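Chain by chain, the residues:
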Amino acid sequence: MIRTFLHKLLQLVPVLLIVSFLTLALLELVPGDPSISILGADAPAAEYERVREQLGLDQPLLERYGNWLSDAVSGDLGDSAVRPGVSVWSLIASRLPVTLQITVMALGLALLVSIPVGVAAAARVGSRFDRGVGTVTSGLISIPQFVAGLLIVQLFVFNPDVPRIGTAVLLWFVALTLLVNWCRRFVSDREGGAGSVFVGCLVLGLGLLAFFWWPSFPRQGFSRLTGDDGLAENLRTTFLPALTVAMSEIAVFTRLLRSDMISTLQEDYILAANAQGKPLWRILFRDALRPSSFSLMTVAGVSLGRLIGGTVIVETIFNLPGMGRLIIQEGVIVNDFPIVQGGVLVIALFYVVLNALVDISYAALDPRIRRGVV
Amino acid sequence: MKRKYSTRRRLLAVAVGASLVVASCGGDDGESSSSDEPATSAPQATEAPSEETMAPAEPEAAEGCESTVAGSELNIGVYVPTGSLDPLRTSGALVGGTDIAAIYDVLMRWDEASGEWVPHLAESLESNSDYTEWTLTLREGVTYANGDPMLAEHVLANMNRLLGPGANASRGLIARVDLENSTVVDDRTVTFKLFSPWVEFAYLLGDAAGMVVNPSLGDAKDASDVSLISTDPNGAGAGPYLVDKFAPGESPYLVLKARDDYWGGPVCIETVNMVYITSDQPKLEALDLGELDLAFLRTANVIADARSSGQYSEAFFLQSAGEVILINNGVGTHTPVTADKRFRQAVNLAIDSSVISERAFGGELLESKAFIDERSTYYSGVAGTSADPDAARALVDELKAEGWDGSIRFNCRDTNANLPVAIVASLEAVGMTVEATITDQNSSIGAVIQKDFDMACWGWNISDSALYRQIGFNFRSDSPSNRIGYGNPDMDAAIDEMFAAPDREARTNAIAKMSEIFNEDVPSVIYAAVEEGYAISDRVAGIVPTQQTVLLLGDAYLVS
Numbered sequence: 001m002i003r004t005f006l007h008k009l010l011q012l013v014p015v016l017l018i019v020s021f022l023t024l025a026l027l028e029l030v031p032g033d034p035s036i037s038i039l040g041a042d043a044p045a046a047e048y049e050r051v052r053e054q055l056g057l058d059q060p061l062l063e064r065y066g067n068w069l070s071d072a073v074s075g076d077l078g079d080s081a082v083r084p085g086v087s088v089w090s091l092i093a094s095r096l097p098v099t100l101q102i103t104v105m106a107l108g109l110a111l112l113v114s115i116p117v118g119v120a121a122a123a124r125v126g127s128r129f130d131r132g133v134g135t136v137t138s139g140l141i142s143i144p145q146f147v148a149g150l151l152i153v154q155l156f157v158f159n160p161d162v163p164r165i166g167t168a169v170l171l172w173f174v175a176l177t178l179l180v181n182w183c184r185r186f187v188s189d190r191e192g193g194a195g196s197v198f199v200g201c202l203v204l205g206l207g208l209l210a211f212f213w214w215p216s217f218p219r220q221g222f223s224r225l226t227g228d229d230g231l232a233e234n235l236r237t238t239f240l241p242a243l244t245v246a247m248s249e250i251a252v253f254t255r256l257l258r259s260d261m262i263s264t265l266q267e268d269y270i271l272a273a274n275a276q277g278k279p280l281w282r283i284l285f286r287d288a289l290r291p292s293s294f295s296l297m298t299v300a301g302v303s304l305g306r307l308i309g310g311t312v313i314v315e316t317i318f319n320l321p322g323m324g325r326l327i328i329q330e331g332v333i334v335n336d337f338p339i340v341q342g343g344v345l346v347i348a349l350f351y352v353v354l355n356a357l358v359d360i361s362y363a364a365l366d367p368r369i370r371r372g373v374v
Numbered sequence: 001m002k003r004k005y006s007t008r009r010r011l012l013a014v015a016v017g018a019s020l021v022v023a024s025c026g027g028d029d030g031e032s033s034s035s036d037e038p039a040t041s042a043p044q045a046t047e048a049p050s051e052e053t054m055a056p057a058e059p060e061a062a063e064g065c066e067s068t069v070a071g072s073e074l075n076i077g078v079y080v081p082t083g084s085l086d087p088l089r090t091s092g093a094l095v096g097g098t099d100i101a102a103i104y105d106v107l108m109r110w111d112e113a114s115g116e117w118v119p120h121l122a123e124s125l126e127s128n129s130d131y132t133e134w135t136l137t138l139r140e141g142v143t144y145a146n147g148d149p150m151l152a153e154h155v156l157a158n159m160n161r162l163l164g165p166g167a168n169a170s171r172g173l174i175a176r177v178d179l180e181n182s183t184v185v186d187d188r189t190v191t192f193k194l195f196s197p198w199v200e201f202a203y204l205l206g207d208a209a210g211m212v213v214n215p216s217l218g219d220a221k222d223a224s225d226v227s228l229i230s231t232d233p234n235g236a237g238a239g240p241y242l243v244d245k246f247a248p249g250e251s252p253y254l255v256l257k258a259r260d261d262y263w264g265g266p267v268c269i270e271t272v273n274m275v276y277i278t279s280d281q282p283k284l285e286a287l288d289l290g291e292l293d294l295a296f297l298r299t300a301n302v303i304a305d306a307r308s309s310g311q312y313s314e315a316f317f318l319q320s321a322g323e324v325i326l327i328n329n330g331v332g333t334h335t336p337v338t339a340d341k342r343f344r345q346a347v348n349l350a351i352d353s354s355v356i357s358e359r360a361f362g363g364e365l366l367e368s369k370a371f372i373d374e375r376s377t378y379y380s381g382v383a384g385t386s387a388d389p390d391a392a393r394a395l396v397d398e399l400k401a402e403g404w405d406g407s408i409r410f411n412c413r414d415t416n417a418n419l420p421v422a423i424v425a426s427l428e429a430v431g432m433t434v435e436a437t438i439t440d441q442n443s444s445i446g447a448v449i450q451k452d453f454d455m456a457c458w459g460w461n462i463s464d465s466a467l468y469r470q471i472g473f474n475f476r477s478d479s480p481s482n483r484i485g486y487g488n489p490d491m492d493a494a495i496d497e498m499f500a501a502p503d504r505e506a507r508t509n510a511i512a513k514m515s516e517i518f519n520e521d522v523p524s525v526i527y528a529a530v531e532e533g534y535a536i537s538d539r540v541a542g543i544v545p546t547q548q549t550v551l552l553l554g555d556a557y558l559v560s
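Protein chains in written order, with this note's numbering: chain A, 1 to 374; chain B, 1 to 560.
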């Protein structure tokens, strides 16, 4: 496993070289002049030339790339062209945690919802529930992220009672279902079901919490985990952006897992487990879920890498100081090429490392791969 | 099976019914039931105001304060965040003007009510009879944030500093000052000599030249030869605030903390947060929710929404010639026909402000083809040229008969997708073939700066407080900021007349002459004025607007 991981990491070098060179080459094609971003529109013509010289924009492309590469190898990604004195590393160091947090929260939320829903839909294939899940996920996939973000703002920020009451109703419904099921088992003198009581009470409590202590979400802004306001404020400012990102991921993961689960549930060993009288939840979550998770793990890993560089829309809607805004608004739009190169390099690094980790996770999930049988 | 579904429906009904019962016994109408304390960086959401909302009753409050109110915060949504806190490197009032003024203060400020410049950090500014000599006296006891006293010689040194390498656009106006022969009379008094009469010399002292940098810190640079005060100006300014955090790209990107030794007395609001939100609609929403106390707005329909809510006071500034189709008068690379006045007249006649307003601005544009808009206090009665597509077509046909193929290039920014479409449609309706290039704002500006354009979307933004700067920059034939190569000795003479005009009436007469020359020459086509500035929450008072959307925060306080 370690050898596999190291082998994957070695792939980093050519990937980063290609990505960094292509980024610089593509930036040459992007219209605009960083000297205008620095000086504005009213400076004398000679000033623009002076600034362009200072930034090395009069040098050939290969020479500029070589200079940048020699510094980058020693860990120096240079300073912002538009904001001299501000190092690219410091900008990335302050923005990357924001994007990472949103991305990880979004994926966590997506997995939290998609796994039980996907499993339940697969167990009830063809039912009204399954059809409903299919319709909802199709809808979620169809909504562009910027529309989803604006809808979420309208709902959670300007009409908070709707999600508050809706969440409470849903949780109470689930709680009541669990409790009624336990009651029926109790009345018919069947064993077990204590877990249902516990979970039912828990969910009931969550419903009450949601109803009476629903937080007010801000329209924009971000409070850092390390800031004075602590974790609660941080979660309050990151929940809606994470939910926006999670919407389409929930849909994709649910449909993927449902498809794989349906195939797995056709297997003979599932039939055997059923015949042995194992509880349904045990068959679904212990026997069937694990072998059905490979596609989900792959897609989740790829999504993580994709989202690190793809959250600019959400960051713009919610005014978050993340990597997306750094690269697009503070990099590409104002032609600050050191920021773009440094940012793209870091994202490429994450991509390769994450892919390596996804490959390794297969061995953890499937003992056949671990033992080299397959 | 039926029993199972029936049970679930009953359970769902029970859950919904329970929630309705609890909701009816719950909190007040429309208020969040959260028990969270309002956050300092993202205050609790409140109900969005509707048009029917009554304007709130005037709160009872004492003006000002006896000392800084601990925990008080002001959140300002800006237009564009500044990348530097050095006045030398700022590129205009819209970009960090309020931020810089809060740190360095200004010697003079524009009083919108009277339409005159008044002393702020200065005690007085007096001129000789022909406005070629100005004597500035500083207030007593003014100190920089590090305790160093501000001296008259620092004001002269600051002007010299602004002539050094850097971004500042005041350089063109500072060139009118004979710095070599200007003298320091005593610690508080300096006499400026000018090369030519300038009645509103005070403008210069209300802009970057009036934001005096402590010379002991102004020249300090880091290893990359970047001025240290670009990111850490504490001690370099005499303004009411110190910089607590400067992190461009973050939210807030600038956090200011009140000084306790400000010359103007106690600074009431302890913390000022500068926040950048990319567009006006979310800024207004943040203002509605209480997440912002001031929001800079520039979009006509959003300003209209803010006004119609009746919730806010305002500090909006009219900018004549805010929306312009800039035409190359014959510099750099251009289609030869643009140098012909008949072509520019044809464009002027083809453009109908009301059509562009409807198609691109939701009908909310401040339609105006006048050099100085009729809503300006300097409106001279000289209106712009009304649209006449038939006359435009005749001119185009005349030019085509002389060899022009009818094609013309047009650059525009991509911030309003409908704007270039509306303009191109108007021009093609009179027989032109327009090759439109829609790009980001920087590229659009770049084409003009590099003098490789025929026509471009632009704005001259001639506000009442910055007449001299904007008109002098853009229309004097020898100005390096005259991008279009326009030159007319009559216009230069009228500009000089404006600079020397002893009173408002003489100024307006000079502007009338300029307007007539402009209408005759048509160096470019104006189609709208622009309004921009701040919508201000009723939670805040004491904000003092000065020139070109800059706000002075030293006297601001929170009404409670």
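The set of hints was computed from the structure by calculation and includes no laboratory data. Since we're looking at a predicted model, the values are computed, not measured. Keep in mind that the hints are not guaranteed to be accurate.
Claimed, not checked - Here are a few chain A residues that face chain B, going by a calculated C-beta distance under 8 Å:
(1) Asp33
(2) Gly305
(3) Gly309
Unchecked claim - Part of the chain B face toward chain A, derived, beta carbon under 10 Å:
(4) Gly83
(5) Ser84
(6) Val95
(7) Ser227
(8) Glu250
(9) Ser251
(10) Val275
(11) Ile277
(12) Lys283
(13) Leu292
(14) Asp440
(15) Ser443
(16) Ala447
(17) Arg483
(18) Gly487
(19) Asp555
What the hints assert, rightly or not - Label-pair ranges, simulated between beta-carbon atoms:
(20) B/Thr437 with A/Gly230: 44 to 52 Å
(21) A/Gln11 with B/Asp538: 40 to 48 Å
(22) B/Gly403 with A/Glu63: 28 to 36 Å
(23) B/Gln450 with A/Gly66: 47 to 55 Å
For every residue, glycine included, the Cβ atom is placed at its ideal position computed from N, Cα and C.
Quick rundown of the hints versus the structure:
1. Asp33: holds (5 Å)
2. Gly305: Violated. Min distance 22 Å.
3. Gly309: Violated. Min distance 16 Å.
4. Gly83: At about 4 Å, which falls below the 10 Å cut-off, the nearest Cβ of chain A leaves the hint on B/Gly83 intact, so it holds.
5. Ser84: holds (7 Å)
6. Val95: holds (7 Å)
7. Ser227: The hint holds - B/Ser227 has a Cβ within 10 Å of chain A, the shortest such distance being about 8 Å.
8. Glu250: At 4 Å from the nearest chain A Cβ, B/Glu250 passes the 10 Å test, so the hint holds.
9. Ser251: This interface hint holds because 5 Å falls under the 10 Å limit.
10. Val275: It holds, given that the least Cβ distance between B/Val275 and chain A is near 7 Å, below 10 Å.
11. Ile277: Given a least distance of 5 Å, the restraint on B/Ile277 holds.
12. Lys283: holds (9 Å)
13. Leu292: With a minimum Cβ separation of about 9 Å from chain A (threshold 10 Å), the hint on B/Leu292 holds.
14. Asp440: This interface hint holds because 6 Å falls under the 10 Å limit.
15. Ser443: holds (4 Å)
16. Ala447: Nearest chain A Cβ about 9 Å off; hint holds.
17. Arg483: holds (8 Å)
18. Gly487: violated (17 Å)
19. Asp555: violated (27 Å)
20. B/Thr437 with A/Gly230: 44 to 52 Å: holds (50 Å)
21. A/Gln11 with B/Asp538: 40 to 48 Å: Given a distance of about 60 Å, which is not inside 40 to 48 Å, the answer is violated.
22. B/Gly403 with A/Glu63: 28 to 36 Å: Since the Cβ atoms of B/Gly403 and A/Glu63 sit about 45 Å apart, the hinted range of 28 to 36 Å is violated.
23. B/Gln450 with A/Gly66: 47 to 55 Å: violated (28 Å)
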